[in-house]
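Chains as they are written, first to last, in full-length UniProt numbering: chain A, 1 to 388; chain B, 1 to 388; chain C, 1 to 388; chain D, 1 to 388.
Misleading hints may appear alongside valid ones.
Since the list gives no way to pick out one identical chain from another, each pair is judged satisfied if it fits inside one copy or across any two copies.
Said to hold, decoys possible - Here are the simulated lysine to any residue pairs, SDA-like style, with alpha carbons at most 20 angstroms apart: (1) Lys31 to Gln97; (2) Lys116 to Glu326; (3) Lys31 to Glu184; (4) Lys31 to Thr70; (5) Lys116 to Arg234; (6) Lys31 to Phe96; (7) Lys373 to Ala112.
Derived from the structure by calculation, the hints contain no laboratory data.
Keep in mind that this is a model prediction, so the values were computed, not measured.
Number of protein chains: 4
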Amino acid sequence: MADRTAVLAALRAQHIETPSWAYGNSGTRFKVFTQEGVPRNAYEKVDDAATVHRFTGVAPSVALHIPWDTVQDYADLAAHATGQGISLGAINPNVFQEDDYRLGSVCNPDPAVRQKALAHLLECVDIMDATGSADLSLWFADGTNYPGQDSIRARQERLSEALRAVYDRLGGNQRMLLEYKLFEPSFYTTDVPDWGTSYAHCVDLGSRAQVLVDTGHHAPGTNIEFIVAFLLHRARLGGFHFNSRFYADDDLMVGAADPFQLFRIMSEIVLGGGLEPANGVAFMLDQCHNIEPKIPALIRSVLNVQEATAKALLIDADALHRAQSEGDVLGANAVVMDAFNTDVRPLLAELREDMGIDPDPIAAYNRSGHFDKLRAERTGGAAAGWGA
Amino acid sequence: MADRTAVLAALRAQHIETPSWAYGNSGTRFKVFTQEGVPRNAYEKVDDAATVHRFTGVAPSVALHIPWDTVQDYADLAAHATGQGISLGAINPNVFQEDDYRLGSVCNPDPAVRQKALAHLLECVDIMDATGSADLSLWFADGTNYPGQDSIRARQERLSEALRAVYDRLGGNQRMLLEYKLFEPSFYTTDVPDWGTSYAHCVDLGSRAQVLVDTGHHAPGTNIEFIVAFLLHRARLGGFHFNSRFYADDDLMVGAADPFQLFRIMSEIVLGGGLEPANGVAFMLDQCHNIEPKIPALIRSVLNVQEATAKALLIDADALHRAQSEGDVLGANAVVMDAFNTDVRPLLAELREDMGIDPDPIAAYNRSGHFDKLRAERTGGAAAGWGA
Amino acid sequence: MADRTAVLAALRAQHIETPSWAYGNSGTRFKVFTQEGVPRNAYEKVDDAATVHRFTGVAPSVALHIPWDTVQDYADLAAHATGQGISLGAINPNVFQEDDYRLGSVCNPDPAVRQKALAHLLECVDIMDATGSADLSLWFADGTNYPGQDSIRARQERLSEALRAVYDRLGGNQRMLLEYKLFEPSFYTTDVPDWGTSYAHCVDLGSRAQVLVDTGHHAPGTNIEFIVAFLLHRARLGGFHFNSRFYADDDLMVGAADPFQLFRIMSEIVLGGGLEPANGVAFMLDQCHNIEPKIPALIRSVLNVQEATAKALLIDADALHRAQSEGDVLGANAVVMDAFNTDVRPLLAELREDMGIDPDPIAAYNRSGHFDKLRAERTGGAAAGWGA
Amino acid sequence: MADRTAVLAALRAQHIETPSWAYGNSGTRFKVFTQEGVPRNAYEKVDDAATVHRFTGVAPSVALHIPWDTVQDYADLAAHATGQGISLGAINPNVFQEDDYRLGSVCNPDPAVRQKALAHLLECVDIMDATGSADLSLWFADGTNYPGQDSIRARQERLSEALRAVYDRLGGNQRMLLEYKLFEPSFYTTDVPDWGTSYAHCVDLGSRAQVLVDTGHHAPGTNIEFIVAFLLHRARLGGFHFNSRFYADDDLMVGAADPFQLFRIMSEIVLGGGLEPANGVAFMLDQCHNIEPKIPALIRSVLNVQEATAKALLIDADALHRAQSEGDVLGANAVVMDAFNTDVRPLLAELREDMGIDPDPIAAYNRSGHFDKLRAERTGGAAAGWGA
């Protein structure tokens with residue numbers, strides 16, 4: 001049986017990072033629905049992230065997206081975050097939202113565009129130096145829409161060149177996390193379409209380059225926990241961009257579409273030692289709350305990761321190992337299902353009380369009147385959104 | 001052997017409709033890239049559609065999207081089209097781009113929103129009366145993102161009610177085409193997710209309600225030509241929204257991703273009699289040219305449909321039937337592949353010369369200097385795009 | 001809040017049918033692994049089904065597959081079942097395992113083969129008369145492997161003709177359940193590939209023709225609960241063939257791959273009234289236990305359906321309806337998730353004690369020594385398997 | 001423009017290997033249909049492969065499957081092949097068709113089973129020594145069906161250990177080709193599920209370990225030509241198992257389902273230098289002709305690869321490169337499509353006449369009376385099939 005004290009200690013130490021962009025308006029190509037009380041700049045996004053941390057206790061940092069979160073003084077933004085009880089997390093460069101990037105950024109056939117993109121990546125490392133961020137989180141929208149449009153090989157070489165330049169610029173305590181995605185916005189080839197491509201580039205670069213797994217970026221049927229276990233085993237799992245999907249990169253709340261999959265992923269993490277801080281696995285959300293209110297959706301998402309983690313921690317590892325060794329298919333599966341079927345909400349309520357926060361974060365937030373306050377305060381200016 | 005004269009006659013009579021919105025800027029949720037020379041209003045979109053017809057000879061109508069193509073006087077727009085040598089085609093209502101539609105349009109839980117959406121649909125029938133359009137092309141973005149968010153059954157009832165009201169409003173020579181789509185922008189349920197749902201509603205309504213097949217709206221692995229053959233056989237195939245995809249609803253140029261699939265679809269059309277105007281199958285494009293220039297992309301797309309049709313017409317139907325009856329698997333397949341492997345470009349060049357147009361439409365357009373003219377002329381104002 | 005007494009009553013009344021063929025050996029095209037203690041004929045399969053019922057209390061019938069379960073005297077087999085405390089359920093004709101069926105059964109281009117297949121279907125109705133079975137469960141492996149191999153339309157007409165002949169032969173209390181499947185063993189077209197095709201044929205035939213949903217027979221990304229809700233709403237949901245899959249028609253234990261999906265399906269059933277016997281929804285398993293022992297796997301599967309049903313019954317329908325009406329996305333989702341996250345095992349243990357069976361059926365079976373007994377007894381003869 | 005002489009020379013030098021097992025009976029888990037004239041042993045399979053080479057001129061070797069093709073004296077079999085004008089190609093060990101392999105072969109939790117599997121692999125290298133085969137083609141059915149059934153990490157370690165032992169046993173001119181497959185016969189995890197896993201193990205082992213791409217082994221939507229280009233670029237593309245699929249691992253004739261995809265794959269091969277023998281890319285078929293006659297199906301398949309290669313060779317590489325460099329999306333795509341749309345059958349007929357074979361291999365085979373001869377001769381004994 002899993003040790004209750006150890007389980008609680010692990011849960012208390014968990015660190016889930018929320019993304020600044022999830023607090024702003026988002027949508028699909030068909031429509032971005034506007035919501036009330038949405039932050040208008042990076043400072044207000046930090047405030048919202050701090051709110052989520054205040055109610056959950058396990059979300060003490062916020063990831064930034066540059067240039068969406070561009071500010072005059074990053075050290076000041078970091079100090080603001082500290083004042084709110086959180087810190088600034090991963091830096092996410094954006095090299096896909098200018099007309100120059102129509103045919104790609106670092107893989108663009110035009111050297112001038114590649115140069116521009118690379119300069120932005122390097123600028124983001126400067127920002128990391130200012131914010132104290134440890135992780136540079138790279139996602140490239142690069143790819144092509146039509147067969148023949150560009151050379152797959154040439155684009156790989158351009159990618160290698162840019163990654164090398166950025167990697168060499170990193171400071172000793174900084175990492176590069178390389179995300180992959182099957183498709184969208186490119187619809188024929190994507191230059192980093194799968195974990196294998198990301199892994200190969202990371203191995204080329206060095207040990208501080210690691211793969212970033214976004215749970216919504218796979219082909220249908222892909223076994224994500226296999227990838228997680230494989231990368232963790234080879235010390236190449238940099239972290240997650242958590243969200244969930246029924247179809248493509250739907251960016252729904254993590255755990256909303258397939259809570260059992262999230263549990264299986266967290267089980268590989270727990271069983272493989274990935275919860276230990278030394279292993280450096282970053283647990284970050286990357287979601288779009290197109291139709292639901294942002295802050296409670298993020299609280300819900302943090303809780304979903306936490307609940308999956310709690311269930312994973314409850315797996316009786318000895319019993320599991322025994323059944324596996326004996327080839328007891330049903331028995332080994334039952335050990336895992338027993339943990340999944342357990343209702344961990346009472347355990348987590350206990351943990352929260354112990355941590356001095358409300359045992360029911362959603363109800364507490366709803367009671368708090370915080371949303372009405374935001375709605376009243378955030379009335380002028382332009383709401384933040386994708387692209388702003 | 002297919003009769004050459006009949007093949008040429010069928011090709012000459014073909015009618016492929018282009019969509020007004022494909023001439024404007026489009027993109028993904030990540031970025032809409034702006035292009036030069038893009039039309040700024042419905043009149044200029046009609047002009048571009050007329051250009052495509054001028055170079056291809058088989059694209060004599062343009063579909064409208066309301067309110068993107070709202071004008072003061074639809075009869076005047078129709079006259080403008082006539083003056084350019086084309087006509088106005090299907091009317092496509094838009095009930096997804098206002099904040100009111102966050103939880104759906106005709107399936108929204110709020111009766112006031114449903115009423116508003118219905119009013120727009122009915123207004124579009126008024127526009128059909130003014131433009132002389134025969135087809136109301138309905139696509140609903142309606143659906144939900146999270147399990148439990150709304151009742152699947154209640155939404156079906158609301159859908160039935162709205163469709164009935166619109167159907168009853170149609171004039172005697174007007175049809176309702178009901179499109180289906182697996183997902184996007186809704187990511188859990190979609191209220192008309194597949195052809196079966198559309199078909200069931202059409203059967204409820206009456207013979208002038210027919211299914212609209214968008215070639216990009218299916219689950220991976222779906223055999224689209226089966227659906228086409230099935231619906232045509234039951235007189236419920238209203239028409240197509242052509243485009244192509246490698247992944248989801250990528251909206252690439254039709255025939256770009258899987259020309260063999262397009263050929264198989266057109267083969268079912270030809271063999272099932274769907275090319276005969278009496279069967280009322282509408283061949284419409286519905287694409288986004290995110291990174292490639294609009295007018296040549298639409299010319300290319302029209303040619304792709306035409307080439308697939310030509311190949312389908314070349315199938316030796318007698319030989320095919322004979323091999324099928326004898327259970328000759330390889331022989332029957334070979335009859336079909338023989339048509340597909342034929343290079344039909346010389347045949348189509350001949351057809352075009354016969355029709356008095358350039359045998360190579362793309363080269364002719366590129367030589368024409370038309371794009372430079374548009375680029376020079378269309379400089380002020382706001383370029384049309386999704387949402388404008 | 002759901003009423004506990006009503007929940008228990010509904011669970012006590014539940015009826016899950018196991019399939020005779022799941023007790024025999026099965027496998028993939030690569031290998032059928034043999035297991036010990038496997039039944040050697042229909043009588044022994046009935047015995048095993050009775051064992052599953054004895055330990056679960058909710059599996060009081062067994063489906064037969066003809067000719068795999070051919071016996072001299074079906075009334076005698078039915079009496080044997082009664083003696084074991086269960087009854088004979090649906091009859092499943094097999095028209096795919098003879099060389100004659102290489103190009104299909106009722107859709108075969110050869111009229112003699114079609115005639116042979118039809119004769120078998122009609123013989124199965126005779127067997128229903130003898131066994132007292134109410135449901136004829138039809139699955140056709142028919143389809144084609146190569147484009148052009150046969151005419152989609154002609155095959156639909158042959159299908160219609162055969163279904164009509166069988167439907168007209170049914171007695172007044174007998175139903176035809178028409179199953180669909182995307183692919184396998186046919187790899188290009190399948191003659192009943194999706195629910196829409198099955199539905200259209202059922203509507204053609206009459207009210208006693210209904211759609212059978214096999215949970216493993218869909219394209220990736222298909223929302224099965226939508227189909228379930230849609231068909232139930234239109235009184236065309238005949239029942240289920242339950243199993244689960246990660247990829248294709250994997251035929252794993254129901255609930256093993258996606259317990260949340262199973263819960264969503266059962267939620268639509270519960271909320272739509274599908275648990276009421278009057279609605280005639282048949283809950284049948286259809287699985288292959290390729291590597292795990294058969295009887296405990298079937299017990300596990302029955303329990304999985306039962307647990308999903310229990311969770312669905314716990315949904316607070318009033319609260320759900322309220323949140324849905326108010327457009328409270330997170331609130332409505334939370335009502336559903338609250339039920340899913342509840343651990344229903346204590347409730348079901350209580351139910352079982354009340355029914356006079358062991359609260360932990362798996363443990364009880366393992367303790368019982370039953371498997372050792374079977375292993376000792378069933379030593380001569382040929383083990384039953386697919387095809388025998 | 002591509003140089004005609006060079007194109008013909010490249011086509012004349014092409015070498016496509018057929019698999020011995022495709023000449024025997026095959027099927028799905030539902031049924032293996034028996035055919036007439038099927039070979040009864042390895043010698044007769046070699047005869048059939050020689051027949052395919054005689055009619056196509058480009059299929060001068062045959063791959064073996066051990067133990068399906070076990071013979072007393074492999075040198076004698078090789079001599080028999082030489083006498084027929086072909087050679088013995090890749091050796092494919094089979095570690096999935098014994099009851100011992102229920103839970104895997106080299107990844108099995110039981111060390112004794114792992115040892116047995118490894119011994120078979122090593123024995124296959126002995127056979128390579130006897131036959132002069134250069135390639136050991138490894139596919140493992142290993143995996144699990146249920147979450148928790150076994151440890152993903154432990155299985156990876158067992159896999160590494162076995163691969164290392166085999167790799168170290170290889171002779172200096174021998175390679176190991178490691179195949180990957182998403183799923184089937186394992187339905188939850190597969191131990192080598194994707195190219196990334198295979199690539200990582202190959203990199204671990206050394207330069208003579210390379211990835212084998214089976215075109216039917218990917219998740220839906222996977223861009224196979226990207227993988228091909230990536231691996232070729234890194235000198236890790238060992239070769240292909242060609243076949244085609246609409247759904248899963250359908251094992252249809254290569255080019256039958258998506259001829260444009262096959263062309264795109266061959267285009268990456270041609271443009272990346274993969275046709276040069278020095279690059280060591282093996283072009284092998286791996287198919288099941290479940291319902292169509294074997295020998296003509298293999299001739300058809302060889303021709304399909306040849307036609308795709310011819311089209312790829314016709315790509316105007318200079319024009320393509322120019323358009324790509326200029327960012328001319330439509331122009332670059334047009335260069336590729338122009339090659340694809342060309343009817344290469346006249347060119348190939350010319351090539352064949354030049355090589356002294358019939359310009360229409362299928363018609364020539366059908367005229368030859370060879371099948372009637374086989375049917376008459378091969379009457380006693382057991383037809384070869386999967387498993388025999």
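Do the hints match the structure? See the list:
In this assembly of identical chains, the alpha carbons of Lys31 and Gln97 lie at most 20 angstroms apart whether taken from the same copy (17 angstroms) or from different copies (6 angstroms). For the homomeric pair Lys116 and Glu326, the shortest alpha-carbon distance between copies (18 angstroms) is at most 20 angstroms, but the shortest distance inside one copy (58 angstroms) is not. Taking identical chains as interchangeable, the C-alpha atoms of Lys31 and Glu184 lie at most 20 angstroms apart whether they share a chain (17 angstroms) or sit on different chains (11 angstroms). Proximity of Lys31 and Thr70 under a CA criterion of 20 angstroms is satisfied inter-copy only: 19 angstroms between copies versus 25 angstroms inside one chain copy.
Proximity of Lys116 to Arg234 under the C-alpha cut-off of 20 angstroms is found in neither arrangement, the shortest distances being 34 angstroms within a copy and 28 angstroms between copies. In this assembly of identical chains, Lys31 and Phe96 lie within 20 angstroms of each other by CA distance both inside one copy and across copies; the values are 19 angstroms within and 7 angstroms between. Within a single copy, Lys373 and Ala112 get their C-alpha atoms no closer than 47 angstroms, and across copies no closer than 28 angstroms, so neither meets the 20 angstroms cut-off.
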